[in-house]
Amino acid sequence: MKAIVSFAIAIGIAAFATVLASYAILTRELNQGYLATNPASATLRTDAIDDALLAAVAKTSGVRDVEAARVVSGRIKGGANGWRNLVLFVVKDFASVRVGKINPEGGAWPPATGEILIERDAFQVARVKLGDVVTVRTANGPERRVRVSGRVHDVGQAQARMENMVYAYATLATLEQLGERPYFDQLKIVADSMDKSRIERVAGDVTKVVESRGHKVVHTDIPPPGKHPHADIMGLLMLMLAAFGLFVMLLSGAIVVNLLTAIMAAQIRQIGVMKAIGGTRWQIARIYFAQALRLGAFAIVIAIPLGIWGSRMLCRAMAVFLNFDITSFAIPAWVFACVVFVGLVIPLLAAAWPVWKGSGVSVREALCDFGISETSFGVSALDRMLAGVSGVARPILLAIRNNFRRRARLVLTVLTLAAGGVFFMTALNVRASMIHTLDRLFGTRKYDLGVSLRADSDAGTVTRIVRGVPNVKYVEAWRISGDPYAVIAVPPSTRLLAPGVIRGRWLQPGDVDAMVINSALAAKKMPLAHVVGVVREPFAPASAYVPLRGSVTNSLRVVLANNDAASIDRAKGLIEEALAREGIRAGSISSKSDSRFGFDQHMVMIYVALIIMSALIAIVGGLGLMTTLSINVLERRRELGVLRAIGATPRTIALMLACEGVVVGVLSWLLASVAAWPLSRLVGNGLLMMVLRSGLDFDFELRGVAIWLVVCVLLGAIASVVPSWHASRQQVREALGYE
Amino acid sequence: MIKLHDVSKSYATPAGSFTALRKLDLEIQPGELVAVVGKSGSGKSTLLNMLGGIDTPSTGTVTIANTQLRVLGENKLAAWRGRNIGFVFQFFQLLPALTAAENVMLPMDFCRSVAPRERRKRAIALLERFGVGAQADKLPAALSGGEQQRVAIARALANEPPVVLADEPTGNLDSGNANAVLDLFRDMASNGTTVVIATHDRDVARVIDRTIELADGTVTR
Numbered sequence: 004m005k006a007i008v009s010f011a012i013a014i015g016i017a018a019f020a021t022v023l024a025s026y027a028i029l030t031r032e033l034n035q036g037y038l039a040t041n042p043a044s045a046t047l048r049t050d051a052i053d054d055a056l057l058a059a060v061a062k063t064s065g066v067r068d069v070e071a072a073r074v075v076s077g078r079i080k081g082g083a084n085g086w087r088n089l090v091l092f093v094v095k096d097f098a099s100v101r102v103g104k105i106n107p108e109g110g111a112w113p114p115a116t117g118e119i120l121i122e123r124d125a126f127q128v129a130r131v132k133l134g135d136v137v138t139v140r141t142a143n144g145p146e147r148r149v150r151v152s153g154r155v156h157d158v159g160q161a162q163a164r165m166e167n168m169v170y171a172y173a174t175l176a177t178l179e180q181l182g183e184r185p186y187f188d189q190l191k192i193v194a195d196s197m198d199k200s201r202i203e204r205v206a207g208d209v210t211k212v213v214e215s216r217g218h219k220v221v222h223t224d225i226p227p228p229g230k231h232p233h234a235d236i237m238g239l240l241m242l243m244l245a246a247f248g249l250f251v252m253l254l255s256g257a258i259v260v261n262l263l264t265a266i267m268a269a270q271i272r273q274i275g276v277m278k279a280i281g282g283t284r285w286q287i288a289r290i291y292f293a294q295a296l297r298l299g300a301f302a303i304v305i306a307i308p309l310g311i312w313g314s315r316m317l318c319r320a321m322a323v324f325l326n327f328d329i330t331s332f333a334i335p336a337w338v339f340a341c342v343v344f345v346g347l348v349i350p351l352l353a354a355a356w357p358v359w360k361g362s363g364v365s366v367r368e369a370l371c372d373f374g375i376s377e378t379s380f381g382v383s384a385l386d387r388m389l390a391g392v393s394g395v396a397r398p399i400l401l402a403i404r405n406n407f408r409r410r411a412r413l414v415l416t417v418l419t420l421a422a423g424g425v426f427f428m429t430a431l432n433v434r435a436s437m438i439h440t441l442d443r444l445f446g447t448r449k450y451d452l453g454v455s456l457r458a459d460s461d462a463g464t465v466t467r468i469v470r471g472v473p474n475v476k477y478v479e480a481w482r483i484s485g486d487p488y489a490v491i492a493v494p495p496s497t498r499l500l501a502p503g504v505i506r507g508r509w510l511q512p513g514d515v516d517a518m519v520i521n522s523a524l525a526a527k528k529m530p531l532a533h534v535v536g537v538v539r540e541p542f543a544p545a546s547a548y549v550p551l552r553g554s555v556t557n558s559l560r561v562v563l564a565n566n567d568a569a570s571i572d573r574a575k576g577l578i579e580e581a582l583a584r585e586g587i588r589a590g591s592i593s594s595k596s597d598s599r600f601g602f603d604q605h606m607v608m609i610y611v612a613l614i615i616m617s618a619l620i621a622i623v624g625g626l627g628l629m630t631t632l633s634i635n636v637l638e639r640r641r642e643l644g645v646l647r648a649i650g651a652t653p654r655t656i657a658l659m660l661a662c663e664g665v666v667v668g669v670l671s672w673l674l675a676s677v678a679a680w681p682l683s684r685l686v687g688n689g690l691l692m693m694v695l696r697s698g699l700d701f702d703f704e705l706r707g708v709a710i711w712l713v714v715c716v717l718l719g720a721i722a723s724v725v726p727s728w729h730a731s732r733q734q735v736r737e738a739l740g741y742e
Numbered sequence: 006m007i008k009l010h011d012v013s014k015s016y017a018t019p020a021g022s023f024t025a026l027r028k029l030d031l032e033i034q035p036g037e038l039v040a041v042v043g044k045s046g047s048g049k050s051t052l053l054n055m056l057g058g059i060d061t062p063s064t065g066t067v068t069i070a071n072t073q074l075r076v077l078g079e080n081k082l083a084a085w086r087g088r089n090i091g092f093v094f095q096f097f098q099l100l101p102a103l104t105a106a107e108n109v110m111l112p113m114d115f116c117r118s119v120a121p122r123e124r125r126k127r128a129i130a131l132l133e134r135f136g137v138g139a140q141a142d143k144l145p146a147a148l149s150g151g152e153q154q155r156v157a158i159a160r161a162l163a164n165e166p167p168v169v170l171a172d173e174p175t176g177n178l179d180s181g182n183a184n185a186v187l188d189l190f191r192d193m194a195s196n197g198t199t200v201v202i203a204t205h206d207r208d209v210a211r212v213i214d215r216t217i218e219l220a221d222g223t224v225t226r
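So the protein lines, in turn, are chains A and B.
Residue numbering for the first sequence follows my numbering, beginning at 4 and increasing consecutively.
Residue numbering for the second sequence follows my numbering, beginning at 6 and increasing consecutively.
Hint data in this document are derived by calculation from the structure and do not stem from the laboratory.
Mixed in with the good hints, there may be bad ones.
[To be verified] Rough simulated footprint, nothing fancy, chain B against chain A, three-plus residues with beta-carbon under 8 angstroms:
1. 303-315
2. 391-401
3. 653-661
A quick note: this is a predicted structure, and the numbers were derived from the prediction, not measured.
Heads up, the beta-carbon is just placed ideally off N, CA and C, and yes, glycines get one too.
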């Protein structure tokens, strides 16, 4: 039994150690890895940069280094695959990249003219392999065929799969070959300080230098200094996991409470004798505190290797998610110190109440104790109520009532197991709610494809062209512009947008100056005029909808007759070709599923994390239940002997114990089912706010309730196996003689 | 009929082997009320355990109603015990989570000796027979010691066993309740049930047919 408890504590400590060690490793490696790339402190976008300008910027006070760069968006298509969105980084000299370094991982370095390198994670998005010839189309160029000649790792980019984006790298000569004018328009500067205000001053000075030479700075970007773009999300995830680790430890502490309470009750006469011969309360308590310490120490021995292994697994997963490499899994000494400290303190704290209470019993009380099986069931109103329950077989009835004989123990066991249920149901509810939220969001968009045009075009012309494409059922011309929030001009009588109105109303025919804003823009509390309504658009950037005026468009929304994946892919190509034939360039054509991909990827991560958490808690809960049943068997040893004496077979006893386990499981299931509703709503919203900065349209997954019931029943039955085995091994004679 | 032939029982203890019964030969006739007496450690409880199939002899054979207990496996022995032996313990040993009636019905559940619909009726009849019918739906915690022992005796007779074994059945009762319980045993024996009582109680003499006195694991009288 002590081994079971130690193992349960070990799981708690291991979970805590995993998170703490991962936090130490990831923060160190992420920052080291990111800083090793010498990331730009600020990026200034201007027009064509020449060497003289670069030299002048390099001499500016506070600039430690500067490099010219260019980022071009476009699309890429490999073989029979569909088009994917492309971000092409143009590098001046691959041999001497100093700012925002990229690391070659295979194939050519540097790429020759007519070749591109692809970020290692983006190969899966592009669905190409080294050596493949792909078609690339940039903003202003025609379709060109280039060879994928190498693989690189760019720490500064988020995971390509998560963003559903292909990151590629090429020389200026290749850019020219792709039909773009060959120049650099970005100044990536590294300041001499990590202080943000200093960087802002340096960027301001550089702007003056650039503008003094007749260039114009159109945009300045200053990211948080020295921080990986995803460092904050990682920190939040780690915080969440750390809270979970501590939670599991507390649950395992509940098992220690049960065990120590049982030990103190079993040894009450021994305590009485020790007191009778002069033992003080503190001397006696020390004996049992030492037992708790031994449990913790044993658990630490198991937990540390488990924690090291767990941290490696977690770090690897996080490294993939954050797209960086871990060079060392070394765990700092302070992590071990924390784990040992917490591993010893939690069992001691858990033992404090039962040990102090048990050791405080008077000699008279202790020596008069009739033994632990002489519980006074039947005294309270609940007992009498339970005695009135009938209609089931007596052995099952006995199992139900027996569970209520030690109520504190029952409560702790049920709570431990219910916690696993809440996490499990939360995982399923968050998943269902995310799907529901995304379904609702995308359900408001009644089109299959969104086409953005490179330049403003005549709405009538482009609508006519696209309408002529096979499989196109309906086309609407919109216009999108604006900064710092998107202004989307739509026909007031649009058939392709039906967002949920939270306040006011949606656009109406005849509206001229009316504006409807989405919840993200409303949250910014900006002073806006003519707002007639607010619509809910979870996960969407801040946007305003206004009535479309004039006949100019830069964005189309298309409804297809057949909207299966193959038809959508085919339509994308046909629309692009049809527009190109008329001299109109499509910037990007994306389907609803393209837009949804990134959300789904984030969702999977949250879902998997919650499922792993619930599995761990379920294991701890199961071990807790096993401990409780083992204690019950030990305490009711004489009763079990009586049952055997009056004709119960070992199989009957095993069935009764299994029933006891199942009853606890079902009680925990009931509690978890009730608690899951508010808690999963709270946790789901919290997690989503952390990761995606948006709330949820809550959905309760009933399937989770059913699955957890099955898990609870199975856990209850499985947890009874070891206690049943012990009970069946007892001699009836020994059991009857047990006190 | 109960028949013990050349029965010995030894236990391994940390202090070495301890012999509780030595080459015991014994016969008890159906309907006999027998008291097993002797000092603590004389082997009384061990003898009762042998008779009830709770313990097995190291050597020798125990035969009850033509059944040799040694040949029965654990499950068959439990079922046999339920049907053939009724136990009464010193501390009553009622299951605290079951009412008096439920305690009496439990052996019937285990042995399926009585049709499910008849079990409660039979339990109530037994409880009434022993004067505790009014307590049928009370939990043991709500009963006095004497009442609990009567319920325990009713439970022992639930499956109408031919043999009832009682280990110090009056040890925890006042003299009034003790006498009443002994009278119940006398009634049982008069009705054909074999009753074996291990006891220190001298008052038992007034109801028993025969005394078996044990000392150091052997019959001295």
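Hint-by-hint comparison with the structure:
1. Counting residues of the region 303-315 of chain A whose beta carbon lies closer than 8 angstroms to any beta carbon of chain B gives 0, which falls short of the minimum of three for the stated coverage.
2. Against chain B, the region 391-401 of chain A contributes 5 residues with a C-beta closer than 8 angstroms to a partner C-beta. That satisfies the three-residue criterion, and the hint holds.
3. Restraint check on the region 653-661 of chain A versus chain B: 3 residues with Cβ-Cβ distances below 8 angstroms, three needed, restraint holds.
Violated hints amount to a single one, hint 1; each of the other numbered hints is respected by the structure.
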